[in-house]
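With chain A fixed as given, assemble chain B onto it according to the hints.
Here are the chains, one letter per residue:
2 protein chains.
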Amino acid sequence: MRTLLKNGNIINVFLDQIMESDILIEDDRIIGLGSYNEEDADEMEDITGKYVCPGFIDGHVHIESSMLSPEEFVRVCLPHGTTTVIADPHEIANVAGINGIGYMIEATEHVPMGVYFMVPSCVPATQFDESGAVLTSYEIQSFFHHPRILGLGEMMNYPGVIFKDEDVLSKIDITKKYGMITNGHAPMLSGHDLDRYIAAGIYDDHECSTIEEAREKMQKGQWIMIRQGTAARNLDALIDLFDEPYNRRCMLVTDDKHPADLLQHGHIDNIIRLAASKGKSVLAGIRMATLQAAQHFGLKEIGAIAPGYVANLLILDDLVNVQIRDVYYKGKLVVENGMTHPFQTKKVRGDFWKAVRNSFYLKALTAESFHIKPEEGDCRVIRVIPKQLLTKEEILPLNFIESNGIDVSKDILKIAVVERHMDSGHIGLGFIIGMGLREGAIASSVSHDSHNLIVAGCNEEDMALAGNCVREMGGGLAVVRNGQIISAMALPIGGLMGKKSAAEMARQNQEIREAVAEIGSAEGIDPFMNLAFVSLPVIPDLKLTTFGLVDVNKQELVPLFVK
Amino acid sequence: MRTLLKNGNIINVFLDQIMESDILIEDDRIIGLGSYNEEDADEMEDITGKYVCPGFIDGHVHIESSMLSPEEFVRVCLPHGTTTVIADPHEIANVAGINGIGYMIEATEHVPMGVYFMVPSCVPATQFDESGAVLTSYEIQSFFHHPRILGLGEMMNYPGVIFKDEDVLSKIDITKKYGMITNGHAPMLSGHDLDRYIAAGIYDDHECSTIEEAREKMQKGQWIMIRQGTAARNLDALIDLFDEPYNRRCMLVTDDKHPADLLQHGHIDNIIRLAASKGKSVLAGIRMATLQAAQHFGLKEIGAIAPGYVANLLILDDLVNVQIRDVYYKGKLVVENGMTHPFQTKKVRGDFWKAVRNSFYLKALTAESFHIKPEEGDCRVIRVIPKQLLTKEEILPLNFIESNGIDVSKDILKIAVVERHMDSGHIGLGFIIGMGLREGAIASSVSHDSHNLIVAGCNEEDMALAGNCVREMGGGLAVVRNGQIISAMALPIGGLMGKKSAAEMARQNQEIREAVAEIGSAEGIDPFMNLAFVSLPVIPDLKLTTFGLVDVNKQELVPLFVK
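From first to last, the protein sequence lines stand for chains A and B. Mapping to our numbering: the first sequence position 469 is 469, numbers consecutive. Mapping to our numbering: the second sequence position 226 is 226, numbers consecutive.
Bound-form chain A, shown alone:
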C-alpha cells in the first residue's frame, strides 16, 4: 500500500529547514522524498500549502496522572500530534508491581501511538512506604527484553546513588549492560554531588527549575527535559533553553497532566506553542520534540521525515500556532481534521487485569477506625503551605476531651493514611492544619507514591463515609458533607485511572473540585493535590504514612505526642 502526500512543506529536523517536497509512503515507512506522480502510489493526498512535521515524542510522562486509561490517554493526545510517549508506570507499579506494568504494556499494544516504557526504579519509593508491590533488580531485568521497554525509570533515590547503595547501583548497572538508559530525577542537585549522581550513568533530568541548574547539568552531560505539566511548569524558567546551543541537548516533556488540561491546552504541541508565543523558534521546538528525543532514547527509526523512517507524520495548517489537522501513525491516517479515528484495543489478559482492577483490599472503615487514644503532651501537626508540596511541623496542644483533637475553628483536621493493598490494618493517624475544610471530609486513593487511602476531615463519621466510598469504587476521590456523599469520582484501575472518556473524566474532576470548594479550602491550597503528597516521605518536613508520622529530614518515624 503506497500513499503519496503531494506538495508539502516538510520540516527537516536534521537541518532546521522547510523543504518543498512530496512524501511517498509504503505501508508503515517513508520510502521517498522529492517529486513523485500519482501513478507511483495507490492513494494521493494533495497537501499544497500545508506543513508536515514528524510526530511529537513526550520523553517523560506518567500516564496514570491523566487519570485516564492508557487507551483513552492515547485518544486524547493523538490529535495534539503526539505519536510516541516514553511512559514511566511508576504509580501503577507501586500498586500492582509487575502486573501493573504488564497491564500498561498490554493496554497499549494495539493503539495508534508508540507507547514505550521505562521500568520504575523506586518501588517502593522509600523504606516508610507500604506500597502494593516491590520491584527488585531481578524483576526490573525481566522487562528488558520487551521491545517497548527502553530502560530504567527516573532514579529518585539520589542519596542512594551518591552514597553508592549497592541495590540502587545494581539496578543502574544492569540497565547499562542491556545498552539502555536510566532516567534522572535530581531536583536542585549540583556540584560534586551532582557529579557523583551523573557518573553512576544518569544522563537526563526533567526536574530543572532554573536556567542555572539546567546549564550545570548540561555542561556535565545530561540531556534536559523541559517540563510543562499541570502542576510543575518549568517552561517560563527554562525558556532560554530554546536558543542555540542549549536547544541541541533538550527535549520536551509533560511528566504529569490532568485530563482537563490535556483537553483544553494540549500536550507537547502546547509547549511548542507557548515557546513560540514568547518568540522562540518553532523549528527548534519541533526538533527537540522529535529527532532529539528519539536520539536520546535510541529510537533510530522515528523522529524525522526521511527514507526508511516510520511514517509518523503531522499535517499542519499553520506552523506558528502548531495547528495540527491530520496525524499519520505508521503510515495510516489516525486523526483527520482534528478528530481521532476509532481504534480497536487489545483485551488485557486476566492476570494483569485482575491485579489492577481489584487493587483494593481493605475492610470497611468506621468512625472508630480514626480514633486516637489520647496521651500526655502536645501533638505534632502537619502544616500544609499554599502552592507548595513542602509541609512544616507544628507542635500544638489539642483538645481530646470534647472533639478527639479536631478543632475546625483553628483549621485543625484529622488525617489518616490507611493501608489498602493487603488489608494489613495499618493506619497512620495524625492532624493537619491549613487545609481550610470547614465541614465534612475528603478521601482519595491517589496518594504518592504508595497510593494508600488518604482521608482528611472535620469529623470521624464523615471520614469513614468518604473512605468507604472510595473503597467501594475500588479507588477514586470522594467528598462528604454531613453524612452525605456530595461528589465522587471513580478511579477503578489501580485506584488511579478511570474507565470513562477524557471529557467525562475532566467533567467529574471539575465537579469534585467544586464540591471540595463548597466544604471549604484555604487560599492557594488544592485539597486533593496537597493531600496526594502528604504521604510521600521524601519532601520535607513532616509527612504521614501507614506507619505514622515521618520526620523527613531525619528520615525516621516520630510519635504524634510530644512529651
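By construction, these hints were calculated from the structure, which means they are not laboratory data. Among the hints, erroneous ones may be present.
One copy or two, it doesn't matter: identical chains are merged, so the pair holds either way.
In silico lysine-lysine, BS3-like type, Cα no more than 25 angstroms apart, as pairs [said to hold, decoys possible]:
(1) Lys177 <-> Lys300
(2) Lys330 <-> Lys176
(3) Lys164 <-> Lys300
(4) Lys6 <-> Lys280
(5) Lys410 <-> Lys354
(6) Lys6 <-> Lys332
(7) Lys176 <-> Lys300
Same frame as chain A, but now just chain B:
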C-alpha cells in the same frame, strides 16, 4: 587511583564552550568537574593555561591502508590525539576472512586506543573477484556479540541495495536486529535511488565530493563523514559543512592514509587544523570529531569530558593549531610531550596469525607464466588515465611475433593478475597502455579488493622476478630492472601490512616510489596506486581479474582478442 588535572580550560562539546575547571579522574573514568584539592587525588598535574579536549574519534578508517601493523598504526596516531577509531578491516578480510578480522581484533586488544570494527559487508567485492575468503551473513552475524564490533562495514554494493538483492538486504537486516548500524558508501548517488539506498537502513556516507551531494544526503537523514585521506581529499569541497547547522550532522574521517602522510601531517587533528586555517571553528571541529562520532556509533561513554565518561583526554598547548602535548587514554598518560609511551601488545593466537602471516599460496612464477598464446585479431588494451582510477578500453594491433605483444616504444606493457590465495593457477593476462615504464617490471600484492598478485612490465623475465620477489616476502611491493631487484618493500601481514616501524615503512615506501620513477612513469600516474585499482571491476571501463578482462559497464568477462 585518582588523578587530578588542575586548572584546565576544558572544551565542553555539549555546549561549545571553554570552561575553567579541574578534572578528577578515578581509574579509567572522569568522576568530577569543578574545583578540587590536592588531597582529593593520588596524583596532581597542574595544567594552568592549557586546553583539555576529549580524544578524537576517526569514524571510518582502513588500518591496512597505512601499511602498518595495527599496533604500529596506534603508535603513530596516538600523539595526534586519536584515542578511538572505527576501523573497517575490508582489505584483510578479503585476504583472510574471519581469521583476518580476528587478527585485527586480537592485535588491538591491549593497545592504548579504543579500536572498534565494522564487519566488512562486501567480501568478495564482486562476482569477478577471486578473493581469499567469503563473508556471508552467517559469518557476519558471528561477530555481532563482540564488544568492539559496532555494525556492518561500508555497503559498496549499492545496486544490490537499490534492486533489493536478497543476500545484501539480509546482511543489513541482521545488523539492524542487533541494534547496530550499517555504514554507507554511495558516491554520487542521488534522487530516488538514494532514497531507496537510505531506506534500506543506511544512515551515513563518507564518499561525498560536493557540498550539494552532502546536503541532499543530510536532508535525507544521513550523517556525513568529512573525509580527508591521502588519496581522497574532500575537505576543500565540503569545508562549509563546518558551519551550522550542517556541522551538527557531520564527523571527521580519514578512510585511507599512507604512513608518511600520517607521520608528516597527522590524523584527525590535521583535518581540524586545516579547517581552522580556512577560518572554521575549532570547537565545531572538535565536537564533530568527538561527541558526534560517538553518538552516531552508539558509544555512550566516550566523546566528552563529563562525569562517568571514559577519561580519554588531550592536553593542548594551543587550541587554534591543535597542538597536542599529552594524551590520556582510560585515565592513563599514554603520550607525553608528543611521544607515545611504549606499550605491551597481545600475542596473537595461532589460527589468526597463521592466516595473515602465511597468506601467499602460489608456485614460483616463470617467464612462461606470462605467455599469451597469440590468436587472430587486435587486442583490448587497458588505458590508464592520469590522476584517475577510471580506465579506458583501446583496441590495438599488437606484435606477438617479436615481442609477445609488448611494445615499450608505444608504452604498451604486459599486465597480469595472479591468483595467490590458494594456488589455483588462475592468471589473468592482458596489456596496459599509459603507465610509462621504460624498462623492468613492478609487482604488488596490494590490489583491490581481492589483493591478488598484480604484475606489470616491459618483459616477462623481469615480471617473473618481480612477482617472485613479492611471493617470497609473503606480500609487498617490488621493482625490477634488467634481472635485478632494485627495490622491495615487504608487507608480510596479509600482503598488506608490514612489521616495521612507521618511520621505516614510510622510508621504504618513499624509496620504492623513487625506484619506480627510475624505470619510468608517465605524468600524473602513480604506478603502484594505479595498478592497485586495475583489478577492481567496479570502476569503469576495462579491468583485469584472475579470470581475465572485465567490461565493467557490461559487468561481463570479455576476451583479449577482438576478431
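Okay, the hints, checked on the actual structure:
Proximity of Lys177 and Lys300 under a CA criterion of 25 angstroms is satisfied in both settings, with 19 angstroms inside one chain copy and 12 angstroms between copies. Proximity of Lys330 to Lys176 under the C-alpha cut-off of 25 angstroms is restricted to the inter-copy arrangement: shortest distance 19 angstroms between copies versus 30 angstroms within a copy. Proximity of Lys164 to Lys300 under the C-alpha cut-off of 25 angstroms is restricted to the inter-copy arrangement: shortest distance 21 angstroms between copies versus 33 angstroms within a copy. With identical chains, the CA atoms of Lys6 and Lys280 are never at most 25 angstroms apart, being 29 angstroms at best within one copy and 39 angstroms at best between copies.
Taking CA atoms no more than 25 angstroms apart as the test, Lys410 paired with Lys354 passes in neither setting, with 44 angstroms inside one copy and 90 angstroms between copies. Taking CA atoms no more than 25 angstroms apart as the test, Lys6 paired with Lys332 passes inside one copy only; the shortest distance there is 16 angstroms, against 57 angstroms between copies. Taking the closest pair of Cα atoms, Lys176 and Lys300 come within 25 angstroms of each other both inside a single copy (18 angstroms) and across two copies (10 angstroms).
Checked against the numbered hints given earlier, the structure breaks hints 4 and 5 and satisfies all the rest.
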